[in-house]
Structures are given as structure tokens and as C-alpha cells.
Amino acid sequence: MVILKTEAVVLKAWNLGETSRILSVYSRDHGKVKLVAKGGRTLKSKFRGCLEPLSRITIEYYDKRTRDLQLLGRSDLLDPHMKLIGDMRGTVLGLAALELIYRAVAGEERSVEIYDLLSETLSALNGAGGGFAEGIFWRFETRFISLMGYQPTWDNCLSCGSSLGKEGGFFQASSGGLLCASCGVSRGGLVVAGGTLDILYWLQGAPVFEAAKLEPTDGEKAEIRKMFDLYFKVHIEHIQGLESLKFLYGMESTNRQGIFPASSNTEIH
Amino acid sequence: MEYSSRTLESLIEALCGLPGIGTKSAQRIALHLVQGGKNEAEHLARSIMDLHDKVSSCSVCFNLTEDDPCAICRDPKRDESRICVLEEPKDLMAVERTGIYNGKYHVLGGVLSPLDGVGESHLHIQELMKRIHPGISEIIIATNPTVEGELTASYLARLLKPMAVRVTRIARGIPYGGSLEFNDMVTLSKAMEGRLEVDS
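In order, the protein sequence lines correspond to chains A and B.
If you count by my numbering, then the first sequence holds residues 1 to 269, one letter each, in order.
If you count by my numbering, then the second sequence holds residues 1 to 200, one letter each, in order.
No wet-lab data here; the hints were simulated from the structure.
Bear in mind the structure is a predicted one, so any value in this text is a computation, not a measurement.
Here a beta-carbon is modelled for each residue, glycine too, at the ideal position from N, C-alpha and C.
Check each hint, because a few of them may be wrong.
Said to hold, decoys possible - What follows is a set of in silico ranges between Cβ atoms, one per label pair, in the way DEER data are often shown:
no., chain 1, residue 1, chain 2, residue 2, range
1, A, Lys213, B, Val55, 54 to 60 angstroms
2, B, Met49, A, Asp116, 54 to 60 angstroms
3, B, Ile29, A, Phe209, 42 to 48 angstroms
4, A, Lys64, B, Asn102, 51 to 57 angstroms
Said to hold, decoys possible - Coverage of chain B stretches by chain A, computed from C-beta distances (three or more under 8 angstroms per stretch; other residues unrestricted):
no., region
5, 111 to 118
6, 154 to 161
Bound-form chain A, shown alone (with noise of 0.2 angstroms):
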């Protein structure tokens, strides 16, 4: 048994038992690690404002090779992402981005990568204010793909190598790309817009809170929603859906007396 110690986001928490708490961390040097923090409910618990989904923290623990879930012996909190306390859609958001990893990775594989990006995601939209914060979520899936070694082909024809221009193409899940207009005639495949090919080609490139001063119409919205959803369902298995972009659209589509603003900083007097 040896103590490790690192940094990592909280992806999800359990209650166990009467006062224990298991978490699921995505941590710098150790990938995903499962953990068990004794007691960590009580008001006297040394964990007392870690164990919460979002959250950036410390952690050390003894690691043992043969279980599954490790004991946690020490945490500190880095940072809670306060601001997105009251925003509905940036806490949404945050948590569809802890749900893609939590879901998506499947062992300890360390990758700094991962971590970096999921830690300025969550900053990006803890900072999002009033700002497209969805904009920061699909530059996170854009780079999560790539990352995961599925990195699809925004900007030329799969079948003839073709430029994509403004006509837009064909997008292909299972192929890893997209199709020219006119060699995706005959093949199929989701119809997509220029703008939306644009957006996607942009974002891989794109410095993360840039990404909250996209202002996509409807139409390319719904476009690259549907083709993260497509891409994820063909080449990462367990993944048919994330559930809490489920919740959000759900709210949007319910869209009842503006519950769901672009900005929703709720105030409680």
C-alpha cells in the first residue's frame, strides 16, 4: 500500500451508510480513482466541503492495487466553482462534462491532458457570466474526442479530399467525418450547414473563454448537438446519451415562464 497524493475534479458522489461519502475523481497523476471518505458527511469531518461534483480538490490516499475503491485520507479544496452555485445552465453543463469522463474513461489511465482540459472547462464556466456557456462545453467535446483518439474530420471530403466549404456536407458518424455535398448524395449521412462546420473547425482552436462569445443560430445549435450525440453513441461504447444533456434539453424544450434564460443566474432573496 502506498500514499499518493495529487490533484483532481470531483465527477460524482454517493452517500454510504449513515456518514461515509464515495467519490468517482478525475485526477492529474492518476486518471480515475474511486475513493472512500469515512465519516465525510458529518459536520465534523475533515472533508466538509470536498465531496461535492465540481469541485477541484487535493487528494491523499492510500492506494492499495487490489481493491476498487481506495481510502481517502486527506483532501482540500482548490476550488468549488462558486459561481456556478444558482446558474442552472452552467452547473448543468458542468456536470454533462463530468458525466462524458466519468462515463467515457473507462480505468486509471493518466492523461494530464484530460484533467487539464476538464479543470479550464470548469473554470471557463464558472467565469461564463451572461456568455454562450454551451459554446465552452462543445469546445470541451471537441477536444475530449480528440483526445480519446477519435478526432473526426471537420474540413475535407472523407471519400474525394475535397474542401468543405460553405455548402456544408454530409457528417458520418461511424466513418469519422464528412462528406461533400456532392459525394454525400448518394451516401447520406446528417445534413450539416457551412456555419456549422465553421463553429467546429473553429473551437479546436479556440482559446476556452472565446468559446462563450459564440453566438450559433438555432439551426447550427441543433446541428452540432446532434452530431456530438451521433459521435459519441457510434465510437464510445456505454454512451447513448448523456443524461444531463437529456435534463437540459428537456428544460429548454419545457422553456416554461423563462425558466431557462441564455443567463440564468437565479437570485433568492
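With the hints as your guide, set chain B onto chain A.
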């Protein structure tokens, strides 16, 4: 077989399924019941059976009750203009123990949880909306201060805002008997934000 009696073994297994009871505790309880009087075992068995026959959810506030509506909903002395919204009946019991709140309650039956696919339709949110009328002056949201509890609070606040009712959230702060240096930054920040005037 670890135990000399199948009945004893079956009881220990059943007790082990209860929250907070491990094998050793289950064994201790089972042996206590065997060695104790028959009356005690019968009383316990009858009480457990009565739970399902008599206890159900109040159709108004969704607290656990034997009579519908529950005693709190029927009580004319309680302030009908205030409703405190909670996650579970155990939270209601905790607030009632304080003896400081004299309004009515509404138990949601959980919290919104995007990660687990728990949405509005899984909770008693629509029933809460139906309880809002011009006589209601304040809705106190007392969900737990967790990510999901805060999300639920924001969601409810947005739903209630157009109904011209005052929506408040329970305060977050330093626990009594605690010390500042050992508090996490969220608690401390919220405690600073929610500071109150000191009466002289």
C-alpha cells in the same frame, strides 16, 4: 452453516439489509430478540407490519403520516402563509425538532439530479405549484447545500418567481460550536455574504 438455526440466519440476513446495520450488529439484535421475551419480539414484528398498513404519504405535503392530511397540514394553529420545501421526510423531522418554525411543509421526495436522470416529473414539484395561492406569502427552500440541492433551489425559484411569492433560501454558515479556521471556503464565503446586523 454458520448458524445452528435457519430462522436465525434468515433474520440476521434481513437485518443486514437495513441501513447502518452490519453483520455483527444484526447478529447482536437477532440474539437479543431470541433471548428476550416473546412479547418484545411480537411488539417489534407488529410495529413493522403496521408501517405498511398504516403509514403513507400525506396527499398535501408528502410527509409520512397515518392520517391524510397529516397532523401538520390539519393544524389550524400553524402559519398557512409559509411553506418550507424539503428533500425528504427526515429533513422535516430535523426542522420540527428545532421548534422554531411554525409554518407548513412540502416534501419533494428528492432533488433534481441531471447525472442520474432525475427530473421535475420524478419529484412533487407540480404539487407544490398547485399549493401556491394569493394567501401564501413565503416559500422557504430548505434543500441540502449540495450541487443538486442548489440546482433544485434555483429551479424552484425560477418556477415560483412569476407567481408573486417571496422565495427564500435557508442560510448557510458556520456550525454552532465550530471554528472559522476549519471551515471550507464555500461555507465561509456564504456566511460572510449572509451576515446579519448584531442587535445591541
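Consistency of the hints with the structure:
For lysine 213/A and valine 55/B, the hinted distance range of 54 to 60 angstroms is satisfied, since their beta carbons lie about 55 angstroms from each other. A beta carbon spacing of about 57 angstroms between methionine 49/B and aspartate 116/A agrees with the range 54 to 60 angstroms that was offered as a hint. One distance hint, 42 to 48 angstroms for the beta-carbon pair isoleucine 29/B and phenylalanine 209/A, is violated here, with the actual separation near 58 angstroms. Between lysine 64/A and asparagine 102/B the beta carbon distance is about 52 angstroms. The supplied range of 51 to 57 angstroms therefore holds.
Look at the region 111 to 118 of chain B against chain A: 5 of its residues bring a Cβ nearer than 8 angstroms to a Cβ of that chain, three or more, so the hint holds. Requiring three or more residues with a Cβ within less than 8 angstroms of a Cβ of chain A, the coverage given for the region 154 to 161 of chain B holds, as 6 such residues are present.
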